[in-house]
Amino acid sequence: GAGVSQTPSNKVTEKGKYVELRCDPISGHTALYWYRQSLGQGPEFLIYFQGTGAADDSGLPNDRFFAVRPEGSVSTLKIQRTERGDSAVYLCASSRSRDNTGELFFGEGSRLTVL
Amino acid sequence: AQKITQTQPGMFVQEKEAVTLDCTYDTSDPSYGLFWYKQPSSGEMIFLIYQGSYDQQNATEGRYSLNFQKARKSANLVISASQLGDSAMYFCAMREGFNNMRFGAGTRLTVKP
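So the sequences go chain by chain: D and Y.
Going by the numbering used here, the first residue of the first sequence is number 1, and it counts up by one from there.
Going by the numbering used here, the first residue of the second sequence is number 1001, and it counts up by one from there.
Among the clues, some could well be false.
Partial list, derived from the structure: chain Y residues whose beta carbon lies under 10 Å from chain D [unchecked claim]:
(1) Ile1004
(2) Asp1022
(3) Phe1035
(4) Ser1053
(5) Arg1063
(6) Tyr1064
(7) Ala1093
Stretch-level coverage of chain D by chain Y, calculated; a stretch enters the list once three of its residues show a Cβ under 8 Å from a Cβ in chain Y [what the hints assert, rightly or not]:
(8) 43 to 49
(9) 87 to 100
What the hints contain is simulated information worked out from the structure, not anything from laboratory work.
Keep in mind that this is a model prediction, so the values were computed, not measured.
Ideal placement from N, C-alpha and C gives every residue a C-beta, glycine not left out.
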């Protein structure tokens, strides 16, 4: 499809395990964002890429969280030693705009449950 | 510091009436964009409307309009002629300059038949 694609849509894991979440943005979109959303709350910013580089990773909660975008397209969010508090929906979004004029296009999210 | 404030956790509106969802923001950057998104219970984030800080006119998109009061740093969303399908969470967001986009806590709108 032409939209932002996220896999897996659902992931259940055990506390302490390693998890990878993948995002495939809209073709040609240079900006890619990761957010985390808990039930009933607004999306919480995690990290933002322009091309291959992380333009702002100030939202990553700690060093267990890491994200890459090696070729400037697909991105992977990596969570080490998962904790129950990591349970949330992880949203990926992309934008064609470098500046503040373009909207973000969101994927359907990856729901992570840590038991 | 919280840069986007949505003070209404929940709002109710009668079908076919208009409703205003409040949003205030805080920035010292002269260049910024303001956005509203809708999130139905299915979870997808749907872009509704955009307002640039230099835009002189309030943005409109169909039944949606943005009441932009720059001096007061407010960007309220007005939905006219509410429909049952408008029931959802609504998020206000801001992007300053070339920075990331940050969201408010949201307002849950319920449209009553």
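>> Under the constraints set out in the numbered hints, which ones does this structure not fulfil?
In response: 2, 5 and 6
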